[in-house]
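Construct the entire structure; sequences and hints are all you get.
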Amino acid sequence: MPRPTSPAQPPDPAAAAKRTTVSAVPETPAPAGRPAYSSAASPDPVEAEALARAQAGDHQAFAQLYAIHKRRIYSLCLRMVGNIAEAEDLTQEAFLQLHRKIATFRGDSAFSTWLHRLAINVVLMQLRKKGLSLISLDEAMEPTPEEGPGRSFGAPDLTLAGAIDRLALERAVADLPAGYRLIFILHDVEGFEHNEIASMLDCSIGNSKSQLHKARLKLRDALRKHLPQEAQP
Amino acid sequence: MSSPRNTMSCAEFQAQLPDLIASGENVLDHPHMQSCELCRALYAELEVIAQAARELLSAVEPPDELWENIESAIKGDNGSTHNR
Chain A
0 MPRPTSPAQP PDPAAAAKRT TVSAVPETPA PAGRPAYSSA ASPDPVEAEA
50 LARAQAGDHQ AFAQLYAIHK RRIYSLCLRM VGNIAEAEDL TQEAFLQLHR
100 KIATFRGDSA FSTWLHRLAI NVVLMQLRKK GLSLISLDEA MEPTPEEGPG
150 RSFGAPDLTL AGAIDRLALE RAVADLPAGY RLIFILHDVE GFEHNEIASM
200 LDCSIGNSKS QLHKARLKLR DALRKHLPQE AQP
Chain B
0 MSSPRNTMSC AEFQAQLPDL IASGENVLDH PHMQSCELCR ALYAELEVIA
50 QAARELLSAV EPPDELWENI ESAIKGDNGS THNR
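First to last, the sequence lines map onto chains A and B.
For the first sequence, numbering that gives the first Met the number 0 begins at 0 and goes up steadily by one.
For the second sequence, numbering that gives the first Met the number 0 begins at 0 and goes up steadily by one.
Hints are computed from structural coordinates only; laboratory data are not their basis.
Possibly wrong hints are sitting among the right ones.
Claimed, not checked - Stretches of chain B that chain A covers, calculated by requiring three or more beta carbons in the stretch to come under 8 Å of a beta carbon on chain A:
{"#": "1", "region": "24-34"}
{"#": "2", "region": "37-48"}
{"#": "3", "region": "58-68"}
{"#": "4", "region": "72-79"}
Stated by the list, open to error - Partner residues aside, some chain A positions facing chain B, computed with beta carbon under 10 Å:
{"#": "5", "residue": "Arg52"}
{"#": "6", "residue": "Gln54"}
{"#": "7", "residue": "Ala55"}
{"#": "8", "residue": "Asp57"}
{"#": "9", "residue": "Ala60"}
{"#": "10", "residue": "Arg70"}
{"#": "11", "residue": "Ile72"}
{"#": "12", "residue": "Leu95"}
{"#": "13", "residue": "Ile163"}
{"#": "14", "residue": "Glu189"}
{"#": "15", "residue": "Gly190"}
{"#": "16", "residue": "Cys202"}
{"#": "17", "residue": "Ser203"}
{"#": "18", "residue": "Gly205"}
{"#": "19", "residue": "Leu211"}
Even glycine gets a Cβ: it sits at the ideal position worked out from N, Cα and C.
Written out as structure tokens, the structure is:
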């Protein structure tokens with residue numbers, strides 16, 4: 000899978016970091032003597048039980064949480080950085096941070112949302128360190144009128160239907176600017192709702208909807224360019 | 000002032016499309032969609048992409064040794080905490 004590229008280094012890494020890292024996961028410890036989260040934090044009773052035990056320091060329960068969430072977190076990291084070794088490092092760092100902070104989880108959001116927010120922070124920190132994709136991530140969170148309504152969108156055809164293969168889609172997703180890629184993965188691949196994504200990325204719900212739409216438009220353009228000749232309009 | 004739903008231009012309709020899609024409303028019922036072949040085609044292709052993402056981009060299994068590495072890192076973390 001190709002690595003994402005960025006056209007330029009951020010002019011001010013510290014400022015870029017401030018813009019691109021979502022708010023820190025709350026670290027206020029939960030009061031002792033009662034579950035640290037509401038039952039809404041995890042609709043899955045197995046996960047809820049593991050979560051409660053892991054918060055009390057049970058290592059086996061933490062391993063169970065890892066087993067439940069490892070594929071989604073690893074896949075998110077892999078698709079954001081496009082490199083297996085780096086994705087493994089980021090997944091490790093995300094779960095290490097989870098271990099440090101799990102006692103502070105109070106259930107203000109679903110556990111999965113909270114964990115993804117934590118993992119996204121880890122990924123964004125890494126992108127910042129490499130100086131990659133920061134500009135594009137920032138740009139993706141800002142309105143881009145030139146890509147808005149009224150753009151040309153080609154002939155009325157359905158050539159994409161049945162013509163998308165996994166590799167082409169993976170390539171097109173990897174080539175998206177980081178901000179678009181993140182929202183597309185969270186919504187269309189991971190299945191998060193816009194209100195959850197807005198909470199993870201500290202953006203408005205409208206912004207999340209708009210960026211997802213633009214991500215799909217960019218993917219459509221990219222996929223159409225690589226259609227087989229016979230499928231071209 | 001926004002245009003009535005049945006006299007919208009493509010640009011006006013596409014400006015509303017992200018909200019329409021996210022609302023769960025049947026986009027195909029929108030009056031503009033019933034009269035505009037271009038916007039119907041655009042919507043159909045975006046739906047194809049969203050569906051392909053769900054079907055083709057499945058979660059990837061991390062290697063088994065990753066958990067061993069995480070356990071080691073946690074032990075190191077606990078050790079450094081206790082040694083402070």
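Handout entry: Cut-off 10 Å, beta-carbon criterion: hint that leucine 95/A touches chain B
Key = At 5 Å from the nearest chain B Cβ, leucine 95/A passes the 10 Å test, so the hint holds.
Practice task
Using Cβ atoms only, decide whether aspartate 57/A comes closer than 10 Å to chain B, and label the hint accordingly.
Solution key: Hint on aspartate 57/A: violated, closest Cβ of chain B at ~13 Å, above 10 Å.
Exercise for the section: Three residues minimum, CB to CB under 8 Å: does the region 72-79 of chain B make the cut for coverage by chain A? Let me know. Expected result: Coverage by chain A holds here, the residue count being 3 at a Cβ distance below 8 Å.
Exercise for the section: Establish whether the coverage given for the region 37-48 of chain B by chain A is satisfied; the threshold is a Cβ-Cβ distance below 8 Å, and no fewer than three residues must meet it. Expected result: holds (count 9)
Handout entry: cysteine 202/A as chain B interface residue, shortest Cβ-Cβ below 10 Å
Key = 13 Å, violated
Practice task
Tell me if glutamate 189/A is really an interface residue toward chain B, meaning its C-beta lies closer than 10 Å to one of theirs.
Solution key: With a minimum Cβ separation of about 8 Å from chain B (threshold 10 Å), the hint on glutamate 189/A holds.
Problem - Annotated coverage of the region 58-68 of chain B by chain A, confirmed only when three residues or more have a Cβ within 8 Å - result: holds (count 8)
Problem - Status of the isoleucine 72/A interface restraint (C-beta, 10 Å, chain B) - result: 8 Å, holds
Practice task
Would you check whether serine 203/A satisfies its interface hint, that is, whether its CB is within less than 10 Å of any CB in chain B?
Solution key: Violated. Min distance 12 Å.
Exercise for the section: State whether the coverage of the region 24-34 of chain B by chain A holds or is violated, taking the criterion as 3 or more residues with Cβ-Cβ distances under 8 Å. Expected result: The restraint on the region 24-34 of chain B is violated, since only 0 of its residues have a Cβ under 8 Å from chain A and three are required.
Practice task
Hold the hint about glutamine 54/A up to the distance rule: shortest CB distance to chain B must be less than 10 Å.
Solution key: 15 Å, violated
Practice task
Using 10 Å as the Cβ threshold, decide whether alanine 55/A counts as touching chain B.
Solution key: Hint on alanine 55/A: violated, closest Cβ of chain B at ~15 Å, above 10 Å.
When held up to the earlier numbered hints, the structure conflicts with 1, 5, 6, 7, 8, 9, 16, 17 and fits the remainder.
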